[in-house]
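Quick note, the sequences are listed as chains A and B, same order. Under my numbering, the first residue of the first sequence carries the number 226, and numbering increases by one thereafter. Under my numbering, the first residue of the second sequence carries the number 226, and numbering increases by one thereafter.
It is possible that part of the hints are untrue.
For chains that are exact copies, the list does not tell them apart, and a pair is met inside one copy or across any two.
Stated by the list, open to error - DSS-like, lysine-lysine: derived pairs with alpha carbons at most 25 angstroms apart:
#1 369 - 321
#2 344 - 330
#3 353 - 330
#4 332 - 289
#5 319 - 263
#6 254 - 283
#7 332 - 263
#8 283 - 350
#9 303 - 350
#10 358 - 319
The hints are simulated quantities; they were obtained by calculation from the structure and are not laboratory data.
Protein chains: 2
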Amino acid sequence: MKKMIKIIGLGLWLSAVVLSNASAQQFGKPEDAIKYRKSVFFVMGTQFGQIGSMVQGKVPYDPKVAAESASVVEVMSKLPWPAFTEGTDKGETKAKGEIWMEPGKFKEAQDKLIAETAKLATAGKTGKIEDLKTAFAATAGACKNCHDSFRSK
Amino acid sequence: MKKMIKIIGLGLWLSAVVLSNASAQQFGKPEDAIKYRKSVFFVMGTQFGQIGSMVQGKVPYDPKVAAESASVVEVMSKLPWPAFTEGTDKGETKAKGEIWMEPGKFKEAQDKLIAETAKLATAGKTGKIEDLKTAFAATAGACKNCHDSFRSK
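Please work from the sequences and hints to get the whole structure.
Structure follows, in structure tokens:
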């Protein structure tokens, strides 16, 4: 009986929490898509910044932490793009109209970032800070390239 | 000369964007730590919700998408905990004081979630929706367990 109540409780909770997330995932509401992609970029930026602090000598190089951060950056780099759905050019976003007007160029910029973050993750695993520096700069270039064209200041 | 200007430009941009992220990563400002962990949870919830839609039959089961989402959930489950730094119990957060008052219990809840999302990622790779259903329910239980104790309604 106690177990049954527990299962029902979990079911109700799932309906409330996961279903609301489910509709967020399908990006029914433009603001959910915007919140999702901004969340991805914030996590990516924070982890990338962690690597930045190391390659710039602001904090000591920790190969394990750097490798983990690089791997997270790689995972995150693939996520935000489906959230640039139609109608999400307005609201709490710095996304420029060019994203929807030049989809081919936007896709190119995504692919460039994804390729560079894969190299960053590989560089993280070598345990050599010189490798990380090179890959960090190339990844930063890919970030900047996309921001310059597709993100308002 | 053009290349030199490009390098200087990238350097300035890095200083502005990455250094601000770097300080966010070190969570100097409590609000950055809060924003970071909320971002992680939002990405995790969105991806988990995507799996939820499939196991609940709301969208067709796509083994590839489900496996990717499960893998992202696994990665995300490890990230938010260092951001529960001191002084981040106030502000735009639903974090309960119990997080800081019962660190052992909070750590247990984290470990439980991390263990369940690892099983979720494994289940995602089998391509069998029954496996996914089981792991989804167990992961949802771990989410709920932590929310009940450590997150305000």
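How the hints compare with the structure:
no.: 1; hint: 369 - 321; verdict: within (14 angstroms within a copy, 38 angstroms between copies)
no.: 2; hint: 344 - 330; verdict: within (21 angstroms within a copy, 38 angstroms between copies)
no.: 3; hint: 353 - 330; verdict: neither (34 angstroms within a copy, 38 angstroms between copies)
no.: 4; hint: 332 - 289; verdict: between (32 angstroms within a copy, 21 angstroms between copies)
no.: 5; hint: 319 - 263; verdict: both (10 angstroms within a copy, 20 angstroms between copies)
no.: 6; hint: 254 - 283; verdict: between (41 angstroms within a copy, 17 angstroms between copies)
no.: 7; hint: 332 - 263; verdict: within (18 angstroms within a copy, 28 angstroms between copies)
no.: 8; hint: 283 - 350; verdict: within (21 angstroms within a copy, 40 angstroms between copies)
no.: 9; hint: 303 - 350; verdict: both (19 angstroms within a copy, 19 angstroms between copies)
no.: 10; hint: 358 - 319; verdict: neither (29 angstroms within a copy, 38 angstroms between copies)
Of the numbered hints given earlier, the model fails hints 3, 10; all others are met.
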